[in-house]
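Given the coordinates of chain A, work out where chain B should sit on it, guided by the hints.
There are 2 protein chains.
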Amino acid sequence: MEMEQVLHMNGGDGKTSYAKNSTIQKQGMHKAKPILEDSIKTLYCNNNFPKCFKIADLGCSSGPNTLSFVREIVDVVDDTCRCLNRKAPVFQVFLNDLPGNDFNAVFRSLPSFTASLMEEKGSNFGPCFVAAMPGSFYGRLFPNSFLHFVHSSYSLHWRSRVPESLVSKSPAGAALNKGNICMAKTSPHDVHKAYFDVFERDFKLFLRSRFQEMVPGGHMVLTVVGSDIRTPSSKTCTVWELMGMALYDMVLEGLIEEAKLDGFNLPYYAPTPEEVKRVIQTEGSFKVRRFETYKIDWDANSENGMRGENVARNIRAVAESILGNHFTNLNMDDLFERFAKKITEYLEKERGQCTTIAVSLIKA
Amino acid sequence: MEMEQVLHMNGGDGKTSYAKNSTIQKQGMHKAKPILEDSIKTLYCNNNFPKCFKIADLGCSSGPNTLSFVREIVDVVDDTCRCLNRKAPVFQVFLNDLPGNDFNAVFRSLPSFTASLMEEKGSNFGPCFVAAMPGSFYGRLFPNSFLHFVHSSYSLHWRSRVPESLVSKSPAGAALNKGNICMAKTSPHDVHKAYFDVFERDFKLFLRSRFQEMVPGGHMVLTVVGSDIRTPSSKTCTVWELMGMALYDMVLEGLIEEAKLDGFNLPYYAPTPEEVKRVIQTEGSFKVRRFETYKIDWDANSENGMRGENVARNIRAVAESILGNHFTNLNMDDLFERFAKKITEYLEKERGQCTTIAVSLIKA
Numbered sequence: 000m001e002m003e004q005v006l007h008m009n010g011g012d013g014k015t016s017y018a019k020n021s022t023i024q025k026q027g028m029h030k031a032k033p034i035l036e037d038s039i040k041t042l043y044c045n046n047n048f049p050k051c052f053k054i055a056d057l058g059c060s061s062g063p064n065t066l067s068f069v070r071e072i073v074d075v076v077d078d079t080c081r082c083l084n085r086k087a088p089v090f091q092v093f094l095n096d097l098p099g100n101d102f103n104a105v106f107r108s109l110p111s112f113t114a115s116l117m118e119e120k121g122s123n124f125g126p127c128f129v130a131a132m133p134g135s136f137y138g139r140l141f142p143n144s145f146l147h148f149v150h151s152s153y154s155l156h157w158r159s160r161v162p163e164s165l166v167s168k169s170p171a172g173a174a175l176n177k178g179n180i181c182m183a184k185t186s187p188h189d190v191h192k193a194y195f196d197v198f199e200r201d202f203k204l205f206l207r208s209r210f211q212e213m214v215p216g217g218h219m220v221l222t223v224v225g226s227d228i229r230t231p232s233s234k235t236c237t238v239w240e241l242m243g244m245a246l247y248d249m250v251l252e253g254l255i256e257e258a259k260l261d262g263f264n265l266p267y268y269a270p271t272p273e274e275v276k277r278v279i280q281t282e283g284s285f286k287v288r289r290f291e292t293y294k295i296d297w298d299a300n301s302e303n304g305m306r307g308e309n310v311a312r313n314i315r316a317v318a319e320s321i322l323g324n325h326f327t328n329l330n331m332d333d334l335f336e337r338f339a340k341k342i343t344e345y346l347e348k349e350r351g352q353c354t355t356i357a358v359s360l361i362k363a
Numbered sequence: 000m001e002m003e004q005v006l007h008m009n010g011g012d013g014k015t016s017y018a019k020n021s022t023i024q025k026q027g028m029h030k031a032k033p034i035l036e037d038s039i040k041t042l043y044c045n046n047n048f049p050k051c052f053k054i055a056d057l058g059c060s061s062g063p064n065t066l067s068f069v070r071e072i073v074d075v076v077d078d079t080c081r082c083l084n085r086k087a088p089v090f091q092v093f094l095n096d097l098p099g100n101d102f103n104a105v106f107r108s109l110p111s112f113t114a115s116l117m118e119e120k121g122s123n124f125g126p127c128f129v130a131a132m133p134g135s136f137y138g139r140l141f142p143n144s145f146l147h148f149v150h151s152s153y154s155l156h157w158r159s160r161v162p163e164s165l166v167s168k169s170p171a172g173a174a175l176n177k178g179n180i181c182m183a184k185t186s187p188h189d190v191h192k193a194y195f196d197v198f199e200r201d202f203k204l205f206l207r208s209r210f211q212e213m214v215p216g217g218h219m220v221l222t223v224v225g226s227d228i229r230t231p232s233s234k235t236c237t238v239w240e241l242m243g244m245a246l247y248d249m250v251l252e253g254l255i256e257e258a259k260l261d262g263f264n265l266p267y268y269a270p271t272p273e274e275v276k277r278v279i280q281t282e283g284s285f286k287v288r289r290f291e292t293y294k295i296d297w298d299a300n301s302e303n304g305m306r307g308e309n310v311a312r313n314i315r316a317v318a319e320s321i322l323g324n325h326f327t328n329l330n331m332d333d334l335f336e337r338f339a340k341k342i343t344e345y346l347e348k349e350r351g352q353c354t355t356i357a358v359s360l361i362k363a
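Quick note, the sequences are listed as chains A and B, same order. Every letter in the first sequence is one number past the one before it in numbering that gives the first Met the number 0, and letter 32, counting from 1, is 31. Every letter in the second sequence is one number past the one before it in numbering that gives the first Met the number 0, and letter 344, counting from 1, is 343.
For reference, chain A alone in the conformation it holds in the complex (with noise of 0.2 Å):
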């Protein structure tokens, strides 16, 4: 499986478009804010006010999320400089995701989102120019020493693909990790490890890149679905475990292949701090300044009630590219309600709730 041809946010902005479904993201960006606030502020003044201030968010994705993000980090920056009585800089920012991202989404809403910026900052500001480099983070996307600072926002928990031991049959023919499509509670040890190495290289990879195309003393914030599963009292379970019993129901009643099933693990995982930290010290690249963790509940923003189907709504515009790309033919209405009546059932139990990461580093 190609992952930059497969692995998208549903674009438009229709009802089951991602623009339409990431209240979680836009509840994690609000937790997230002062320590990016903090970040830009600290890199803003130390870097000698650059008259042009280059910004990557990385995993953009398309939907209202994309925008607020630019519009907090401008904000900052101006009022950065109106405490000091200095013209703010010029912006180039670079908005980034995989090739299949709907980019043109996102630049339909530039005109008004340009002009409403200039409107409320005045002539003395900007000018700000957005543009868009598609491409995998998981590698060089920019010249060297280019960028101030660098966002990525719910992004890195995606892997750049699934393991190969996942993927090639083991010797006896079964399925390594039965029953689950990602990392689970019930997954053996070898999953785990398998899961943890493409991780490990794929955010080796991610820092040692971004070292390369950033300034001296330039800032990063990142936040990323992190994991508490592998803490042995957790009764829990991720939505991804409750989606593979959706999909593992429609197994039994013959609409699924089991085998297809057995064959399909996600390009996912969700790291714990520890695993996080310790592989931004082993990488070396970058200091960290700040390290928090969260939790998010799953239906965040709900506000009609219909908490399974929200969140099922939220997870179908993140993960129906990827589904739709495996299960070819599968009633993907079918498969989204079937979950919805997972994830109520586990609300009337536990609280469902997602274990963000925020870290903030400064190039070393």
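Simulated from the structure, these hints should not be mistaken for laboratory data. Remember, predicted model here, so these are calculated numbers, not experimental data. Some hints here could point you the wrong way.
Same chains, same label: a pair holds when it works inside one copy or across any pair of copies.
In silico SDA-like links for lysine to any residue, alpha-carbon gap of 20 Å or less [what the hints assert, rightly or not]:
| no. | residue 1 | residue 2 |
| --- | --- | --- |
| 1 | Lys192 | Arg207 |
| 2 | Lys50 | Pro142 |
| 3 | Lys120 | Arg139 |
| 4 | Lys348 | Glu308 |
For chain B alone, kept in the frame of chain A given last:
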């Protein structure tokens, strides 16, 4: 009419897409190739071999021509480096067009483009980062002194807007450019002046913006559809005059209201070679290195004998977004069938040709 919203080539790769119908533009690029090569070689050697070579293609559209231009530039620089036994630079390429352009289609073809580039050039090459910068080139798109080389092919005949005097009603209520949809042989002097004024303002703004964005000694190669309809002896007409006739036939048949057609003028003005030269000289930011004109057959590359249909499809890919925005509910298939007939009849008598101006400039 907000040009930024409505002017764009047809997206995707269907039978009326620009991707499938841009053979004239391809022919034009082919003819301009020697100028492009000469310009890049000179620039590259005189600029002390920049480590990161920054390029913009303004009005890139989407389709096979978009990346083949990037490929051409990369090839020329790479060849030059091989001859001089130097390492090729890192390339940072910015594709620009209005926000309504189908950038998604361009991005989808990027992974295979990059892969084949790396394979052919070998490990000593690159990398070549291809980004998109949406926005109007009649204004700023990049920070100061950022670009080494700028290219724009078959875009600068599109205006930022329709002249106001053609949109606001004249005192007598009669349309100023009646019977035409852009500047034509039969247009009155006032129409010519109105279109020329917008062209002059646009082109000066274009040159001034690029001057600010380019490094000292930076080069620019522009190709633009030129005009010789102001030559009194000229018996030929432009495709747009034939399009006007097809639309007028539909007025006579009651399919379009006459006032609706009277109110339609294209944001299009093909300047004469003298007009281009004069504006460059008056504006003063750039020195002309080479200035050439040549003619290209409307049906360049037509191989199936369906000359009228082929030309009509080329124009449809370019003009459908604007026509559809003004003449809502008009049957486009019907219009373009009539248009194809007009072209076929014309090509039985005349050799349909389009003048192209190619100019190579250096930042003064």
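Hint-by-hint comparison with the structure:
1. Lys192 <-> Arg207: The answer is neither: 22 Å in one copy and 58 Å across copies each exceed 20 Å.
2. Lys50 <-> Pro142: both (18 Å within a copy, 9 Å between copies)
3. Lys120 <-> Arg139: Answer is between: at 18 Å across copies they meet the 20 Å cutoff, but 34 Å inside does not.
4. Lys348 <-> Glu308: within (16 Å within a copy, 66 Å between copies)
The structure does not agree with numbered hint 1 stated previously, though it agrees with all others.
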